[in-house]
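Enquirer: Listed here are the chains, written in short residue letters.
Protein chains: 2
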Amino acid sequence: MSKRTEISTLGEFGLIRHLTNDIKPQQPSTSKGVGDDCAVIELGVKSKEKGENCMLLTTDLLLEGIHFDLTYVPLKHLGYKAAMVNISDIYAMNGQPTQLTVSLGISKRFCVEDLEQLYEGIKLACQRHGVDIVGGDTSSSLTGLAISITCIGQAAKDDIVYRSGAKDTDLICVSGDLGAAYMGLQLLEREKAVFNQQNNEQQGAAEAQPDFQGKEYLLERQLKPEARGDILQKLREADIKPTSMIDISDGLSSELLHICHESHCGCSIYEERLPIDYQTSIQAEQFDLSPVTCALNGGEDYELLFTVALKDYERIAQIEGIHIIGRIEKEEIGAQLITRDGAEFPLQAQGWQHA
Amino acid sequence: MSKRTEISTLGEFGLIRHLTNDIKPQQPSTSKGVGDDCAVIELGVKSKEKGENCMLLTTDLLLEGIHFDLTYVPLKHLGYKAAMVNISDIYAMNGQPTQLTVSLGISKRFCVEDLEQLYEGIKLACQRHGVDIVGGDTSSSLTGLAISITCIGQAAKDDIVYRSGAKDTDLICVSGDLGAAYMGLQLLEREKAVFNQQNNEQQGAAEAQPDFQGKEYLLERQLKPEARGDILQKLREADIKPTSMIDISDGLSSELLHICHESHCGCSIYEERLPIDYQTSIQAEQFDLSPVTCALNGGEDYELLFTVALKDYERIAQIEGIHIIGRIEKEEIGAQLITRDGAEFPLQAQGWQHA
Numbered sequence: 103m104s105k106r107t108e109i110s111t112l113g114e115f116g117l118i119r120h121l122t123n124d125i126k127p128q129q130p131s132t133s134k135g136v137g138d139d140c141a142v143i144e145l146g147v148k149s150k151e152k153g154e155n156c157m158l159l160t161t162d163l164l165l166e167g168i169h170f171d172l173t174y175v176p177l178k179h180l181g182y183k184a185a186m187v188n189i190s191d192i193y194a195m196n197g198q199p200t201q202l203t204v205s206l207g208i209s210k211r212f213c214v215e216d217l218e219q220l221y222e223g224i225k226l227a228c229q230r231h232g233v234d235i236v237g238g239d240t241s242s243s244l245t246g247l248a249i250s251i252t253c254i255g256q257a258a259k260d261d262i263v264y265r266s267g268a269k270d271t272d273l274i275c276v277s278g279d280l281g282a283a284y285m286g287l288q289l290l291e292r293e294k295a296v297f298n299q300q301n302n303e304q305q306g307a308a309e310a311q312p313d314f315q316g317k318e319y320l321l322e323r324q325l326k327p328e329a330r331g332d333i334l335q336k337l338r339e340a341d342i343k344p345t346s347m348i349d350i351s352d353g354l355s356s357e358l359l360h361i362c363h364e365s366h367c368g369c370s371i372y373e374e375r376l377p378i379d380y381q382t383s384i385q386a387e388q389f390d391l392s393p394v395t396c397a398l399n400g401g402e403d404y405e406l407l408f409t410v411a412l413k414d415y416e417r418i419a420q421i422e423g424i425h426i427i428g429r430i431e432k433e434e435i436g437a438q439l440i441t442r443d444g445a446e447f448p449l450q451a452q453g454w455q456h457a
Numbered sequence: 103m104s105k106r107t108e109i110s111t112l113g114e115f116g117l118i119r120h121l122t123n124d125i126k127p128q129q130p131s132t133s134k135g136v137g138d139d140c141a142v143i144e145l146g147v148k149s150k151e152k153g154e155n156c157m158l159l160t161t162d163l164l165l166e167g168i169h170f171d172l173t174y175v176p177l178k179h180l181g182y183k184a185a186m187v188n189i190s191d192i193y194a195m196n197g198q199p200t201q202l203t204v205s206l207g208i209s210k211r212f213c214v215e216d217l218e219q220l221y222e223g224i225k226l227a228c229q230r231h232g233v234d235i236v237g238g239d240t241s242s243s244l245t246g247l248a249i250s251i252t253c254i255g256q257a258a259k260d261d262i263v264y265r266s267g268a269k270d271t272d273l274i275c276v277s278g279d280l281g282a283a284y285m286g287l288q289l290l291e292r293e294k295a296v297f298n299q300q301n302n303e304q305q306g307a308a309e310a311q312p313d314f315q316g317k318e319y320l321l322e323r324q325l326k327p328e329a330r331g332d333i334l335q336k337l338r339e340a341d342i343k344p345t346s347m348i349d350i351s352d353g354l355s356s357e358l359l360h361i362c363h364e365s366h367c368g369c370s371i372y373e374e375r376l377p378i379d380y381q382t383s384i385q386a387e388q389f390d391l392s393p394v395t396c397a398l399n400g401g402e403d404y405e406l407l408f409t410v411a412l413k414d415y416e417r418i419a420q421i422e423g424i425h426i427i428g429r430i431e432k433e434e435i436g437a438q439l440i441t442r443d444g445a446e447f448p449l450q451a452q453g454w455q456h457a
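As they're listed, the protein sequences go chains A and D. Here the first sequence is numbered in the working numbering, starting from 103 and rising by one per residue. Here the second sequence is numbered in the working numbering, starting from 103 and rising by one per residue.
Where hints are given, some of them may not hold.
Where chains are identical, the list cannot tell them apart; a pair therefore holds if satisfied intra-copy or between any two copies.
As the list claims (entries may be wrong) - In silico EDC-like pairs for lysine to aspartate or glutamate, Cα to Cα no more than 16 Å straight-line: (1) Lys126 x Asp332; (2) Lys317 x Glu387; (3) Lys178 x Glu322; (4) Lys210 x Glu114; (5) Lys105 x Glu218.
It should be emphasised that the hints constitute simulated quantities derived from the structure, not laboratory data.
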């Protein structure tokens, strides 16, 4: 009998590290491989001021039932979000997204009009961020929809921001607000449960329309996230280059731990400084959840989390839409949340759990 | 009721064209979008002799039950092949593959050792062709294994060969031999059927080991295809640049029709000139199949199909491993096979049929 190690013993990040840690680049152009938001490939072209031009490359595989639920996600929104999360990865390296390819696996229940909807969403997201769709292929699938998107971007080598550059005393910043996308998901999941129950109880009865009034923001954050290229623009205008950066897909805690791990540092963030929209707070309360937990672990906000040198404090504090939530510490301090009453809690990674 | 157009009414290639035909590039760097083996992106760097340097980009999504069957494909071979088919797409543009990313969707039945096997195959293929693995991510899947691979490569702009460059009187060439991968697939499918039947008839009886002696070549062609970078090297040494090129994944007929469609031309190929290995012929006969049909429509050979100018005849005829199988004609002639007895048959596309 051959050995069988369950994937759950390693977890998502452990698994990737395990499978790729013996890979040694052979190509001189490979500047950064596995382990950041994007791969970085040098193009062998020097610009006068900023060093070599580089290409950024990121890819995402989205599977029905795991990453999305078509019971409540319209295909157009799905396409939009699928493109946006890849575009967000390019921004998270301080790059400019330029091109994107789409591969689809399609089961029989989808028709041409469905795919038109999906593509409409992808095209809209691309248009907004100046990205060209340069490749597409489709094949059949036995089991629902599979979407694989690859996005490439460009950046001058000296402009690229990695996860690994955070230094002790740097300020930790986050754009926008946190936890709303997670609240949107909870709302949609609740309505799905109600809908399923009604269908079981009274077959053929008129469908109850969910009342989402006043919750539009939460739903939009879940269904139609917007990659924050505008924040990079503001940072450039203020002449600030982050020391490290990542986008928030798995949740603030998880992403902060990535930065700490790659930068060999610790961090302190302050509960009172976490940017949480009032709708998120109200909804969290209704669900009997802590808004802080939603902000820390909710995920899918697609905001930018980054660190800047302490000397940039004055300038960063003036930029609208950016919040300073804490500071980078020495590695031995660990990663911690400091509550309103001064208690310290270690941050926990969430990430992907094997189903 | 909203309109529902079945995907089968368009077919694979029709569907992609339908979804992407209104896409207009916004990025000046987008040189070639949807519709060839790779996308071509200009890097804004000029080399002295060969014009701008370009990046090539290709991506493939492989789904269990559609593109591979783990009953008879070892995971290591699957990894090898998954990488190789992408590497082959870069070669089909006359480019040099350089980097690759891997995304996996994994259902619960896979363990860490399984993924090690899969990665071992991917790494081996990459090593052989000097390609770096620069990105990897995994997530769970509800239904078997999903593999998405993106490969990038580089080429000088003037070296790139498209599907669209074939001209009347050009010679049609193919590397290696055709139909063997398809015969390998038939052998494996037959053994699977036998195995399943035995299992049904005598539960718990000793498994009959299939006898594949003398058929190793066919199995290797199916399980372990080799992308033909060596052929490009030979063409370069002979100072021949093909006028058009594609790799054979769907079958010779299908790929030739792509070249004719993109190049606005017709073609004649000769039955007697199709390179078919004797093992393929013997096996086809045993299966009561025509070896010629296997060569035309079998697919998965991953050989290069290309055209060269008539003036290159002397030089191309001398290169070992390359066969001249016909010539490009005017568009109005259509695409045809000329049999040994001089009869003409129109070539038929196979491609992907929606399940």
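Enquirer: Compare the structure with each hint and give your call.
Expert: Here is how each hint holds up against the structure:
Taking the closest pair of Cα atoms, Lys126 and Asp332 never come within 16 Å of each other, the shortest separation being 36 Å inside a single copy and 24 Å across copies. Taking the shortest alpha-carbon separations for Lys317 and Glu387, only the intra-copy value of 14 Å comes in at or below 16 Å, while the best inter-copy value is 68 Å. Taking the closest pair of Cα atoms, Lys178 and Glu322 come within 16 Å of each other only inside a single copy of the chain (13 Å); across copies the shortest separation is 43 Å, beyond that limit. Taking the shortest alpha-carbon separations for Lys210 and Glu114, only the inter-copy value of 13 Å comes in at or below 16 Å, while the best intra-copy value is 31 Å.
Proximity of Lys105 to Glu218 under the C-alpha cut-off of 16 Å is restricted to the inter-copy arrangement: shortest distance 12 Å between copies versus 46 Å within a copy.
This entry does not satisfy hint 1, going by the numbered hints stated previously; all others are met.
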